[in-house]
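J.: Here the protein sequences line up with chains V and E, keeping their order. Using our numbering, read the first sequence as starting at 1 and increasing by one per residue. Using our numbering, read the second sequence as starting at 1 and increasing by one per residue.
Everything labelled a hint here was simulated from the structure, so no lab data went into it. Treat the hints loosely; a few may be bogus.
Claimed, not checked - Listed next, the in silico EDC-like pairs over lysine to aspartate or glutamate satisfying Cα-Cα at most 20 Å (straight line): (1) V:41 x E:16; (2) V:41 x V:74; (3) E:131 x E:173; (4) V:20 x E:61; (5) E:163 x E:75; (6) V:41 x V:64; (7) V:11 x V:73; (8) V:41 x E:61; (9) V:11 x V:53; (10) V:41 x V:13; (11) V:41 x E:173; (12) E:174 x V:79; (13) V:20 x V:61; (14) E:174 x E:151; (15) E:131 x E:172; (16) V:11 x V:50; (17) V:11 x E:61; (18) E:18 x E:61; (19) V:11 x V:74; (20) E:174 x V:44; (21) V:20 x V:64; (22) E:174 x V:61; (23) V:41 x V:79; (24) E:131 x E:75.
Claimed, not checked - DEER-style ranges, computed between Cβ atoms: (25) V:50 x E:23: 48 to 56 Å; (26) E:128 x V:57: 51 to 59 Å; (27) E:16 x V:57: 52 to 60 Å.
A quick note: this is a predicted structure, and the numbers were derived from the prediction, not measured. Ideal Cβ positions, reconstructed from N, Cα and C, are used throughout, including at glycine.
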Amino acid sequence: MPRIVVDVMPKPEILDPQGKAIVGALPRLGFTAFSSVRQGKRFELTVDGEVTEEILAQARDAAETLLSNPVIEDVVNVEVVEA
Amino acid sequence: MTELPLIGEAVAVAADPKLAGARIGVVTFPGTLDDRDAARAVRLAGATPVALWHADTTLGDVDAVVIPGGFSYGDYLRAGAIARFAPLMSKIIDAANSEARLPVLGICNGFQILTESHLLPGSMIKNDHLKFMCRDQVLRVENSTTDWTGDYAAGQEITVPLKNQDGQYLADDKTLDALEAEGRVVFRYVGFNPNGSRRDIAGIANAAGNVVGLMPHPEHAVETGFGPESGLSGAAGTGGSDTDGLGFFTSVLNKIVGANK
Numbered sequence: 001m002p003r004i005v006v007d008v009m010p011k012p013e014i015l016d017p018q019g020k021a022i023v024g025a026l027p028r029l030g031f032t033a034f035s036s037v038r039q040g041k042r043f044e045l046t047v048d049g050e051v052t053e054e055i056l057a058q059a060r061d062a063a064e065t066l067l068s069n070p071v072i073e074d075v076v077n078v079e080v081v082e083a
Numbered sequence: 001m002t003e004l005p006l007i008g009e010a011v012a013v014a015a016d017p018k019l020a021g022a023r024i025g026v027v028t029f030p031g032t033l034d035d036r037d038a039a040r041a042v043r044l045a046g047a048t049p050v051a052l053w054h055a056d057t058t059l060g061d062v063d064a065v066v067i068p069g070g071f072s073y074g075d076y077l078r079a080g081a082i083a084r085f086a087p088l089m090s091k092i093i094d095a096a097n098s099e100a101r102l103p104v105l106g107i108c109n110g111f112q113i114l115t116e117s118h119l120l121p122g123s124m125i126k127n128d129h130l131k132f133m134c135r136d137q138v139l140r141v142e143n144s145t146t147d148w149t150g151d152y153a154a155g156q157e158i159t160v161p162l163k164n165q166d167g168q169y170l171a172d173d174k175t176l177d178a179l180e181a182e183g184r185v186v187f188r189y190v191g192f193n194p195n196g197s198r199r200d201i202a203g204i205a206n207a208a209g210n211v212v213g214l215m216p217h218p219e220h221a222v223e224t225g226f227g228p229e230s231g232l233s234g235a236a237g238t239g240g241s242d243t244d245g246l247g248f249f250t251s252v253l254n255k256i257v258g259a260n261k
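Work out the full structure: start from the sequences and follow the hints.
T.: Dropping the structure here:
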């Protein structure tokens with residue numbers, strides 16, 4: 001069954017407190033190569049049947065209205081992934 | 001709604017029939033925590049609380065609405081994001097934007113729901129220190145002309161409990177500048193910013209002043225013997241009284257009763 005993947009990230013200008021906590025924890029485990037971490041969200045929307053243009057448009061609409069808050073987040077990717 | 005139990009000096013502000021006739025809705029979502037305290041605050045102020053359920057499709061006959069704190073729908077996705085699309089919320093949004101300008105107060109999670117609903121600008125993200133924080137918090141009332149702050153003096157400092165994890169208020173600089181210029185910053189944290197909120201903002205209003213949202217909890221500071229001054233930190237001298245939060249509820253009552261004269 002095909003899925004539509006939606007990726008949401010905090011806006012670049014917004015300090016991401018969660019990412020900040022993670023970047024602090026990494027060197028304690030010996031992972032010293034990473035200077036910054038930003039944490040986002042990935043949604044997988046399963047579609048029963050074929051992904052039409054209309055369904056993809058619905059996914060984009062849902063991504064902008066419910067899955068993300070445009071004040072603090074950007075939808076950075078909407079794509080179809082075949083199972 | 002809730003009976004008023006006999007604790008403290010819980011005598012409702014004299015049973016003024018004019019006030020008791022005022023009906024203030026208190027919304028309950030799955031995961032709401034503070035609806036009973038909010039209803040109790042409404043009753044202590046002298047009005048009649050009306051229980052509203054998130055799935056209701058009509059608002060009924062209410063003169064104002066309180067959206068209390070908690071973790072609506074588990075706060076999954078984002079705090080307040082799913083609650084914003086509850087059937088009752090669209091009625092509240094319409095009523096708040098209507099000519100009648102229904103007074104709406106959002107507390108904590110209720111504030112988050114109001115920003116997700118675009119009734120108020122900006123948004124809340126995780127506290128900058130990443131921890132849940134619970135403390136008695138001093139606030140300065142910056143605007144005493146909203147429907148919910150008329151009984152305070154501008155510049156007055158009040159102490160009410162604060163308890164949240166996603167309390168860091170932010171908006172872009174243009175929005176913040178506009179809020180400041182229009183006097184829509186209603187409350188500011190004093191002495192200590194508990195969550196990294198931009199410009200120490202604790203609460204804001206819409207342009208008409210009928211919609212107010214804030215992170216701290218006035219409904220937990222409405223009874224002598226059970227507020228910040230009597231709590232543990234009271235001994236440390238936060239300087240407030242136990243009932244600094246009651247003014248929210250008496251303010252909206254005076255507004256409603258005044259309008260019905």
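J.: Does the alpha-carbon distance linking residue 41 of chain V and residue 173 of chain E stay inside the 20 Å limit?
T.: At roughly 25 Å apart (the allowed maximum being 20 Å), residue 173 of chain E and residue 41 of chain V break the hint.
J.: Assess, step by step, whether the Cα of residue 131 of chain E is no farther than 20 Å from the Cα of residue 172 of chain E, and give holds or violated.
T.: violated, 24 Å
J.: Given the hinted pair residue 41 of chain V and residue 74 of chain V, is their alpha-carbon gap at most 20 Å?
T.: Distance ~10 Å between residue 41 of chain V and residue 74 of chain V Cα, so the pair holds.
J.: For the pair supplied as a hint, residue 20 of chain V and residue 64 of chain V, confirm whether the alpha-carbon distance does not exceed 20 Å.
T.: violated, 25 Å
J.: For residue 11 of chain V and residue 74 of chain V, compute the direct alpha-carbon distance and say whether it is at most 20 Å.
T.: holds, 6 Å
J.: Are the Cα positions of residue 18 of chain E and residue 61 of chain E separated by 20 Å at most?
T.: holds, 16 Å
J.: Need the status of pair residue 41 of chain V, residue 64 of chain V: alpha-carbon distance at most 20 Å?
T.: Given pair residue 41 of chain V, residue 64 of chain V holds - Cα atoms ~13 Å apart, limit 20 Å.
J.: What's the verdict on residue 41 of chain V and residue 16 of chain E, does the C-alpha distance respect the 20 Å limit or exceed it?
T.: violated, 52 Å
J.: What's the verdict on residue 11 of chain V and residue 61 of chain E, does the C-alpha distance respect the 20 Å limit or exceed it?
T.: Cα-Cα ~41 Å, so violated.
J.: Measuring from beta carbon to beta carbon, are residue 128 of chain E and residue 57 of chain V in 51 to 59 Å?
T.: 37 Å Cβ-Cβ, so the 51 to 59 Å window is violated.
J.: Given the proposed pairing of residue 131 of chain E with residue 173 of chain E, does the C-alpha separation stay at or below 20 Å?
T.: This hinted pair is violated, its Cα atoms lying about 26 Å apart.
J.: Between the alpha carbons of residue 41 of chain V and residue 61 of chain E, is the straight-line distance 20 Å or under?
T.: violated, 41 Å
Checked against the numbered hints listed earlier, the structure breaks hints 1, 3, 4, 8, 9, 11, 12, 13, 14, 15, 16, 17, 20, 21, 22, 26; every other hint is satisfied.
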